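Heads up: the protein sequence lines correspond to chains A, B and C, in order.
In my numbering, each residue carries its 1-based index in the first sequence increased by 1.
In my numbering, each residue carries its 1-based index in the second sequence increased by 95.
In my numbering, each residue carries its 1-based index in the third sequence increased by 6.
Source of the hints: derived by calculation from the structure; they are not laboratory data.
All of these numbers come straight from a predicted model, not from anything done at the bench.
Among the clues, some could well be false.
Heads up, simulated DSBU-like pairs for lysine-lysine below, C-alpha to C-alpha not over 35 Å straight-line [unchecked claim]:
1. A:Lys104 x C:Lys127
2. C:Lys312 x C:Lys77
3. B:Lys160 x C:Lys77
4. C:Lys127 x A:Lys26
5. A:Lys104 x B:Lys504
6. C:Lys143 x A:Lys104
7. C:Lys127 x B:Lys155
8. C:Lys77 x B:Lys155
9. A:Lys250 x A:Lys132
10. C:Lys215 x B:Lys251
11. C:Lys29 x A:Lys26
12. C:Lys143 x C:Lys109
13. C:Lys49 x C:Lys129
14. B:Lys155 x B:Lys504
15. A:Lys163 x A:Lys104
16. A:Lys26 x C:Lys93
17. A:Lys26 x C:Lys157
18. A:Lys26 x C:Lys77
19. B:Lys504 x B:Lys251
20. C:Lys129 x C:Lys77
21. C:Lys49 x C:Lys157
The chain contents come next:
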Amino acid sequence: MSKESLKMEMGLHSSTLAHKGTDKKVCRYVPLQAEVIDIDVESSNTYLISLRPLDEEDETVRIDYSPGQFLMVSVFGLGECPISIASSPTRDPLQICVREAGKITQGIMASRVGDVMGIRGPFGNGFPVEKMKGRNVVITGGGSGFATLRSLINYIADNREKFRDVTVAYGARTPQDLYFTSEYGSWQATGIEVGITVDMMDASWKGNVGLVTSLLADLNPSPGTAALCGPPMMINAVAKDLVNRGFLKPEIYISLERHMKCGVGKCEHCTMGPYHVCTEGPIFSYDVVGDLL
Amino acid sequence: MEKIHTTCVYCGCGCGLYLHVEDGQVVGASPSPAHPVARGRLCVKGWLAHDFVHHPDRLKTPQIKRGERQVRASWEDALSLTAERLNEIKEESGPDALAVLTSAKGTNEENYLLMKLARAALKTNNVDHVARLCHAPSVAGLGASLGSGAMTNSIKSLLSADAILVTGSNTTEQHPLVAAHILEAQSRGATLIVADPRKTQIAQLADIHLEPCLGSDVAWTNGILNLIIERGLADEDFIRDRTEGFSVLRESILKYTPEVVERISGISPEDLEKAAVAFGEAPRAAVVYAMGTTQHSNGTDNVLALANLILATGNVGREGTGICPLRGHQNVQGACDMGALPTVYSGYQKVEDPGAREKMATAWVTDLPSTPGLTAVEMMEAAEVGRIRGIYISGENPMMSYPDRDQVKRALESLEFLAVAEIFPTETTALADVVFPVASFAEKDGTFTSTERRVQRVRQAVTPPGEARSEWEVAADLMKRLGIEADYTSPKEVMAEIARLTPPYGGISYQRLGISGLHWPCPDPDHPGTDILHRESFPIGRAKFFPVEHLELEVDPEYPFLLTTGRSLFHFHTGTMTRRVHLLDREIPRPAVDINPEDAAALGVRRGQRVLVESREHSLEIEVDVTGVVPKGTVFIPFHFNEAPANLLTVQNLDPKSKIPDFKRTSVRIRRAD
Amino acid sequence: MTSTPALFLDHESLVPLIEELSKTLEVVAPVYAEGEPVFATWKGEALALDADNPLNSPVEFFLPQKEVLFKYVQYSGRYTFSEEPPKSRLILGMRPCDLQAIKVLDEIFGTELSDHPYTSKRKSTIIVAMNCTSPGKGCFCASMGSGPAAKEGYDLLLTDVGSGYLVESGSPAGMFVLRANSRHFEEASPEHLKEKERRLALAEEEIVKRRLALTPEQIREAIDETDWEEVERRCLRCGGCSLVCPVCHCFSVMDRGVPDGERLRCRDTCTLAGFSRMTSGANPRASLGERLRHWYLDKFVYIPEKTGMLGCVGCGRCSRVCLSDVDRWSILREAIE
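Using the sequences and the hints given, assemble the complete structure.
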């Protein structure tokens, strides 16, 4: 029995995974490198980082993604963590919004223009933009969850004619914690209604103060589809509020955060009941996850 | 893949485990089904014992301090510089200006050689190790009352106990495999009594949980014994035949009535009574204790009170009885056995005994110093005032584990020469003039002696990283450079010398150890080992009762909280290893002070907020965890974390009898950090 | 799926056969390490095929406790990555329970996107399974439908029929091994086949008689009825139940080394708080009781929903290693009885 002939046999015919075929997509866990091309400070602890994914020849690689998907982003030596994509597939460059939370996010935020980080993905299902087309859309969120919603808002802004009434209701802790403040005007220019509120105001603040739910009461959007992302307490309150406003549970889409390690449904960290948030989510409809929240 | 049977590196349980080796890397660990303590099980640290071995932080080359920086050096330069500097100091200021701190993480062979290095080559008895900070009161207390400071019975013996008193031991977290035996005994019908001010897991599982306030151990122990005698539950035959000093003891404890005990300890008379009856009526009762008993300024008295309890109830020398001081490190028992103590050679042969000295001097072909040396904490004091000028530290991290971190830092910084042998850079290696990179437990051969006096094999699974060497080689090399013969080719040869010179280890050889090892005393090659001590007699003839009194401690109204320190399940000691184990570090990534919910409400702090914990001299900023595990008025900080070193706050308040510092009771105040 | 007639291998011919095989690939087999059976690379030592199934399952050859996913090397700001190719291995003596576990893992790790580190090891490994004719004390494979006889998923299958091994092939790779080493085998007789059936029927009877486990339906019912806070009170948090389970496959990923180093993955356990805790501190399964409940739910509800197979193969290892001495199945039994 020669080594070569044995390997042939094993590779082609072993019982091993024979039924799985050989041509399916595989996850090797080796990331692409992405060069940091720009860093915007969104708030004291949040940066918007623009990336240029590279191939082995240092050429730009296109990443196809949809709003609501995420990347596994790594800093070599510190590790890898899930970060939602903050840019819209309709615009370059690819952007991630990183808030300082642990060692890895600190590492990502310590990068400078020209540095590379690792990216894998995009992972997850993304928002059901096709289903949202031709409908009213309410986009509401709070805190760092707004990054993934920005991807959706810009996607809608760039395809504005395909959607009906679009309302954004966004809350942050203080005016300094608000993200993407320079873009609100451009959203409004496409006919998106934008409402902003903060928990704690300062001297310069002239806008709303209070919860996102009371902001929604002011905006009073017509029922349609909704996209939510934010802290669990807020999500619960807003989802209930939307149901009271006549939104159907299957049309309220919630983006969830979980501890993740693989992004491909293997490592089990992100499981929520029977679901893998990384592959079956991170966007779930309220009728599916309402009881699990 | 190969599987190498060895002994776990963490606590004194001494579990057997397999290291899984693939392509020269340790890639896993699994429990040994045939090992008598592990029985196919491990705690979470044991399961993950492989993870730190190949960590990139491992020290791989010797370092020598040049100016302010430590730079890479050759072994030859590092060793010759060390020998030279130690020799110079010895010539200039005499041998007692030198000291050696050995390691409870090292093997018996390494401890023996380092002890020999200190005594034969450096000519000083200034040799000690971390046992000073854990079980010195056991050695002093049990040594005086029973004639031996070791655990009297085996861990397995606990399975046949009818009552078990656990005190000052968070057994489920610190000695999980001993806890497994205790809980198995309980499920077979034994009554489990736990005395601990904290509601630890084992306290919550206990049949009777006594919640004494910190520092009241002597009072409640005396109180239990008083009730036992009053009820006629004492073992009069045993007292008559095998002990002395009972009548004086009897007199001394009469005043510890349940009412007095309640006033001192807060334990209700009903609970005290229940515990006394359960312990007193049990045909076989055992006491298990650890640092919560010993790490007090009256630690030896605490131990003596427990010894009185087991002696008066005749619970010695039989299966299911005994007194079990649980050792924290996997080889702290062995380091003591090997004479890494200022007063004794291996086998507890006293340096002041001319016979013993003569025997060792002959075997080592040199002359030996006769005056006992300094203890670990005394060494730090002596270093600070310049009486000690050079120290060799093997694998200890005094900067984190000793009380009063500031003083330790001043002491180590004022040394003219400090050599440290370590596996990882630590707060202590940072201060060293020479750093030796040494092998971890996975990379060397040798033996560890577990808490139950079980001498077991450590087997090399992989080679040390980079240029790192086993410390027995380093010790032997230094000895040769200092003019003492030390041509050992393997740890096995060192063990042969140990057996020759150490009566309790006389029958121990690698060939005999197998999976299960041997309990010392094992005086000759045909001796089966001794799982239960004092069956027929005590080494001192009759056991002695020592009356001990409660020590009233002042409470400073300015510092109304009592700080107690300790460890958590997921980390070991100063965190050098466990904070480099991915899953353990993830489980408890940050230090926190445990505060009772009532206290937290009064202070206006919530979980996750930061507070300042202040002692009279120092203050520490740390995150809050609000938990009912600690009683009102007491706060707990684990000492694993250098970002909030608990021992910044503790003081060198030494027990006069054993020189152990009080780690378990420091007056502090707390305020919000913002 | 025996597609060639069964063969017979003398007990005495087994060692010469694996000696032959070990010239071409790494042979892993149960051997004695300091007296206990463990799966390790066979280097000529006595085989422990008659001993109990080793405490650590051979799944570790596909999903090691710790493995390097890739190495990274930094050069002027850019990284290059390298992966190790898998070793060619033959695992001898894998029991039907572990074989079934691998079938479940194949489904989980083989589903898109398939897990390359796992599947590449699977594809380069030949499995020579061995039917359980003398089951271990804590086994309940029969209740979980995974043993004592292997049904599929092996390349070769041995059954000890007293005088030697009945050898059946389950794949082209298995047949190739038989053909290439035909001189070690003889044709099996009908008596050998009959003896196999007899022995396996006896083994099954013995396991069923012990009634160690509940049926999967009863277990699902018991999960709802169990007092998980009480289980939490007793659990000593060693994680052993996950680390020995051949179906458990949770892993974590970590980097070691700056600027050059390795990205590793290691076996993990959902019983640890840090497993599901997010960096914000929020933990969707905050209590140990919830996490232990999840451990059972995953095996008896979620994995079956995803793969159509139970997530428990009845090997009994979780009870063998439980530090709290909690018989994992009696907890559940108490809940419903």
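TODO: Mind checking the alpha carbons of B:Lys155 and B:Lys504 for me, to see if they're no more than 35 Å apart?
DONE: holds, 25 Å
Task: Agreement of A:Lys163 and A:Lys104 with the hint, judged by alpha carbon distance not exceeding 35 Å - done: violated, 41 Å
TODO: For the pair we were handed, C:Lys127 and A:Lys26, check the Cα-Cα distance against 35 Å.
DONE: holds, 17 Å
Task: Hinted pair C:Lys127 and B:Lys155, Cα distance within 35 Å - done: holds, 32 Å
Open item on the list: C:Lys29 and A:Lys26 were given as a pair; does the straight-line alpha-carbon distance stay at or below 35 Å?
Closed with: holds, 34 Å
Open item on the list: Check the hint pairing A:Lys26 with C:Lys93 against an upper bound of 35 Å on the C-alpha distance.
Closed with: Answer holds: A:Lys26 to C:Lys93 is near 22 Å, not above 35 Å.
- [ ] Quickly compare the C-alpha distance for C:Lys312 and C:Lys77 to 35 Å and report which way the hint goes.
- [x] holds, 33 Å
Open item on the list: Between the alpha carbons of A:Lys250 and A:Lys132, is the straight-line distance 35 Å or under?
Closed with: Holds. A:Lys250 to A:Lys132 sits at ~14 Å (cutoff 35 Å).
Task: Restraint check for A:Lys104 with B:Lys504, where alpha carbons must lie at most 35 Å apart - done: holds, 29 Å
Open item on the list: Between the alpha carbons of A:Lys26 and C:Lys157, is the straight-line distance 35 Å or under?
Closed with: Between A:Lys26 and C:Lys157 the Cα gap is close to 29 Å, so the pair holds against 35 Å.
Open item on the list: Check the hint pairing C:Lys77 with B:Lys155 against an upper bound of 35 Å on the C-alpha distance.
Closed with: holds, 20 Å
TODO: Verify the proposed pairing of C:Lys215 with B:Lys251, using a straight-line Cα cut of 35 Å.
DONE: holds, 32 Å
The structure does not agree with the numbered hints 6, 15 and 19 stated previously, though it agrees with the rest.
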